[in-house]
Amino acid sequence: MILGIVLALLAGSLVSLQNIFNNKVNVHVGSWTTTTIVLGLGFAASFTLGLIFEGTEMFNLHHMKTWNMFSGLIGVGVVTCMVQGINRLGPTFAVSISMCAQLGFALLFDSMGWLGLEKVDFTLKQLIGVLVVVGGIVVFKLGGREKKRMTNEHGLAASSIE
Amino acid sequence: MKGIIFAFLGGAFITLQGVANSRISQGIGTWQAAALTQFTGFVAALIVLLAMRDVNWQGFKQVKPLYLSAGAYAAVIIFSNVTAIQHVGVTLTVALVIIAQLALTFLMDHYGWFGLQKKRMRLPQFIGLVMMIAGVVILKF
Numbered sequence: 001m002i003l004g005i006v007l008a009l010l011a012g013s014l015v016s017l018q019n020i021f022n023n024k025v026n027v028h029v030g031s032w033t034t035t036t037i038v039l040g041l042g043f044a045a046s047f048t049l050g051l052i053f054e055g056t057e058m059f060n061l062h063h064m065k066t067w068n069m070f071s072g073l074i075g076v077g078v079v080t081c082m083v084q085g086i087n088r089l090g091p092t093f094a095v096s097i098s099m100c101a102q103l104g105f106a107l108l109f110d111s112m113g114w115l116g117l118e119k120v121d122f123t124l125k126q127l128i129g130v131l132v133v134v135g136g137i138v139v140f141k142l143g144g145r146e147k148k149r150m151t152n153e154h155g156l157a158a159s160s161i162e
Numbered sequence: 001m002k003g004i005i006f007a008f009l010g011g012a013f014i015t016l017q018g019v020a021n022s023r024i025s026q027g028i029g030t031w032q033a034a035a036l037t038q039f040t041g042f043v044a045a046l047i048v049l050l051a052m053r054d055v056n057w058q059g060f061k062q063v064k065p066l067y068l069s070a071g072a073y074a075a076v077i078i079f080s081n082v083t084a085i086q087h088v089g090v091t092l093t094v095a096l097v098i099i100a101q102l103a104l105t106f107l108m109d110h111y112g113w114f115g116l117q118k119k120r121m122r123l124p125q126f127i128g129l130v131m132m133i134a135g136v137v138i139l140k141f
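Protein chains in written order, with our numbering: chain F, 1 to 162; chain E, 1 to 141.
Extracted from the complex, chain E is given alone in its bound form (with noise of 0.2 Å):
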């Protein structure tokens, strides 16, 4: 039960921050208020990694560095997603977010890049794909 309220808080967490990185912006500017969102967030999470005291310096060299560049997608992605939810509102945005996701993700189990270990399509992950894309036709049109 925990669990699921975990989980849900995230969720909803993950869209308030979307939003409110979008009315940020709307006073600053998208570029701020990515810069300055992600500051805040960082030295936050610098302050519980030093009150942890769990940072493995060892473990850096085992981690190929085009996957340590992955915290600078960021920038576009909230600079895109706040674009997007002032452009056709939130819903549509959290719905087209989620697909494109999963549909990426699948098609990277899919093939196996990346080392992922391959993990082959089944219809049930073809219905769920064509029925989010039916929603969000339903939600647009």
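So that you can see chain F by itself, here it is in the shape it has in the complex (with noise of 0.2 Å):
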């Protein structure tokens, strides 16, 4: 379990340092040719540590079905979904938003047991853990800060924050 919360704390990391960068890519180039580079790169570096890690089990590939091919594109539903949102209502709302779903949705496919996962049975608790996490998102969010960096044109490219 340790290890699950550490890779977990680890993700959430790279995703902030990830989101802050893409950002400054996203200034100069555009959202597209940002969300481009990032997938580019993302298989070019997840290619190569399967190749050094793995070897030739990389290409073997007996076991996929052909849903998996098409999973990609729900990536360019996240960034098109992102920068909407982001353009209508500004990055504090769109993100808070979007991270609230994200929890929701969480909590239903473990309930749910959905995609071949192990079913978490859905209990109060839960309920009440992730209502405490979503209104720590919402104080965390909304609660007076000073004025926002500004954000460019575009919005972002990738998921996630501000």
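Hints are not guaranteed to be accurate.
If you want a taste of the chain F side facing chain E, the calculated C-beta under 7 Å gives, among others [stated by the list, open to error]: (1) I20; (2) F21; (3) V25; (4) V38; (5) F43; (6) D110; (7) M112; (8) G116; (9) G136; (10) G144.
Don't read these hints as lab results, they were simulated from the structure.
Don't be surprised by glycine CBs; every beta carbon is placed ideally from N, CA and C.
Work from the hints to combine the two standalone chains into their complex.
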């Protein structure tokens, strides 16, 4: 369990770095160019690390299902929705709503056991936990703060943060 | 209203992405899943980019290489996210990813790292972080 917690925190930290760096690229080259570079580099890095750790197993795709090939399109959906949301609402509101939706759907996926996930029974404790986290996000995001740094006209390249 | 729907769907897609990656990993392995999904995403984004014809080559000269490298982090992000989902479930993983993300962004804003405009920590942000952590504790223990 500790491993899962540490890895999730690592992922979140890298996401925040990535968002800030992507945003800097985005200002100069626009959101679709940024998205293309980000996904291209992500592919190159994953492929390289896979070759290092797994060798030729990287090419063993016998258990691949057809839908697997299209799941990358979800990422395009993420970028489109977040760019549109941020353009219309500004980063603070758009990201707050997105984070709350992420948690809501996470709870839904866990309790329904969709897509072959191990089903986690929905309990009152879980609902309260998620609501407290959501409350924390709202307080964090909407609580008084100095002026936000300028956001560029294109909105953000990748998911999340302002 | 449209903006709210877009942001909401964006969040739904982010969670769906993690769950789908985790499902695909069970079949073909985690690095394979990360490479595959990003390859498809890359091709799709490239098509959109070419269709929109808004490549700005001049802009690249003004971007520091460090900032361009961020895309590569996704390999580690996807690997960690998938492994975490398999170990502690979707809800806890998503909550922890959000907390780490907000906390580090806040730290970077506070100290003005990477040329970010400095923003002071205020009480609401501390209270927000404490609430988020309390929520995770309730979720898990």
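For each hint, the structure was consulted:
{"no.": "1", "hint": "I20", "verdict": "holds (6 Å)"}
{"no.": "2", "hint": "F21", "verdict": "holds (4 Å)"}
{"no.": "3", "hint": "V25", "verdict": "holds (5 Å)"}
{"no.": "4", "hint": "V38", "verdict": "holds (4 Å)"}
{"no.": "5", "hint": "F43", "verdict": "holds (4 Å)"}
{"no.": "6", "hint": "D110", "verdict": "holds (5 Å)"}
{"no.": "7", "hint": "M112", "verdict": "violated (10 Å)"}
{"no.": "8", "hint": "G116", "verdict": "holds (5 Å)"}
{"no.": "9", "hint": "G136", "verdict": "holds (3 Å)"}
{"no.": "10", "hint": "G144", "verdict": "holds (6 Å)"}
Of the numbered hints listed earlier, the single one contradicted by the structure is hint 7.
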